[in-house]
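Participant: First to last, the protein sequences are chains A and B.
For the first sequence, our numbering begins at 1 and goes up steadily by one.
For the second sequence, our numbering begins at 169 and goes up steadily by one.
Be aware that one or more of the hints could be misleading.
Said to hold, decoys possible - Capping the alpha-carbon separation at 30 Å, the derived lysine-lysine pairs in DSSO-like fashion look like this:
1. A:Lys167 to B:Lys244
2. B:Lys327 to A:Lys79
3. A:Lys137 to B:Lys247
4. B:Lys304 to A:Lys167
5. B:Lys247 to A:Lys79
6. A:Lys137 to B:Lys304
What the hints contain is simulated information worked out from the structure, not anything from laboratory work.
Letter by letter, the chains look like this.
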Amino acid sequence: MRTFLRQKRVKDPDADIDMVPIMNMFMVLIPFLLSSASFFDINAIHTSVPVSQTKVDEGRSKANTDKTIIPVIEIQGKKIEMYALSDNLEDKELVKWDMSFTKEGAHFPLEKMQIYLQDMKKRYPKSDTIIVIPDDKILYETIIQTMDIARNSEPNPLFPNVVLSDKI
Amino acid sequence: MALGQRRHQRKSFVIPKLQITSLMDMFTIILIFLLFSFSNNPEKLQIEKGMMLPRSTSQMDCNKTITVSLSSNSLKVDKQHIADIHQGMIQGFDHKHPEKSKLYKHLSSLRYNLDHQAKQDESAIVIFCDQRLPYKTIHQVIKTSGIAGFPNFQFAVLKK
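Turn these sequences into a full structure, and let the hints steer you where they fit.
Facilitator: What follows is the structure, given as structure tokens:
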């Protein structure tokens with residue numbers, strides 16, 4: 001009996017799985033996925049331009065009694081001027097936030113600017129809007145970098161609503 | 169005799185077995201990679217050839233409604249050529265009277281169509297802009313868009 005089993009085991013051919021249908025499926029799936037794959041990840045920065053306020057909006061903003069501040073970043077050729085606007089704060093308080101950051105080499109000192117904005121956010125946590133006013137010659141890349149610093153979404157967002165404006 | 173031997177040899181010929189294990193491995197890896205890179209965003213956004221988008225830490229997705237593409241030499245709205253750009257200046261654009269520009273007229277007609285389709289909530293414009301362009305050029309576009317009834321924008325950026 002043992003010899004019979006041994007003989008049978010030796011004679012059994014290797015069980016071959018039929019891979020052809022799987023290969024066919026791969027051949028269909030791969031071109032489809034290749035055609036629909038995106039090799040770069042496009043995200044978006046949401047922004048707006050200032051619009052004229054309606055009477056309803058004015059009423060709504062007055063109802064919100066929490067003190068808020070709107071930092072303004074003016075990106076100039078060689079420096080960044082920063083100041084603050086507010087409906088609820090006095091000029092004395094706002095003047096404290098006037099600051100200027102001079103360009104260091106080819107780059108703006110964005111890290112210093114971030115510390116300044118973090119401090120402002122800590123003092124007025126309800127604030128969520130920032131106004132960015134770039135000069136005509138400022139490159140788009142610099143504006144995006146500044147916006148990144150101003151929003152700072154990870155881990156604590158600073159000013160997620162960025163408004164691009166023109167100097168008045 | 170010789171012929172008989174040859175026939176015998178032909179009969180014993182075994183078809184070589186194709187080893188597809190390595191091929192299967194490769195296909196599995198490619199399939200997994202493609203499945204992971206498959207975008208779950210149904211909107212397919214295409215960058216124009218030669219355009220360099222800036223990189224950002226933003227995590228928000230683009231909600232595509234109207235696409236404005238600003239490259240170093242042309243301005244397009246939804247792939248339709250609107251104006252040429254030369255040295256950062258939109259040709260035929262009078263910055264004192266943006267409402268006379270072709271861009272304003274085009275965006276106004278889109279605004280009109282959206283209002284009639286009751287799609288006011290989805291009125292953001294996605295701006296694809298080359299990172300080397302100055303703000304002067306972008307400002308002309310966003311100002312005109314704001315006047316035409318599109319005050320909200322999304323700047324398309326590449327994930328950092």
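Participant: A separate judgement is required for each hint: does it hold in the structure or not?
Facilitator: Each hint, compared with the structure:
Of the supplied pair hints, the one linking lysine 167 of chain A and lysine 244 of chain B holds, its CA atoms being roughly 27 Å apart against a limit of 30 Å. For the suggested pair lysine 327 of chain B and lysine 79 of chain A, the alpha carbons sit about 27 Å apart, so the restraint of at most 30 Å is met. For the proposed pair lysine 137 of chain A and lysine 247 of chain B, the alpha carbon gap of about 27 Å is at most 30 Å, so the pair holds. Distance hint between lysine 304 of chain B and lysine 167 of chain A is fulfilled; the C-alpha atoms sit about 12 Å from each other, no more than 30 Å.
For the given pair, lysine 247 of chain B sits about 37 Å from lysine 79 of chain A by alpha-carbon distance, which is inconsistent with the 30 Å threshold. For the suggested pair lysine 137 of chain A and lysine 304 of chain B, the alpha carbons sit about 6 Å apart, so the restraint of at most 30 Å is met.
Hint violations for this structure: number 5 only, all remaining hints satisfied.
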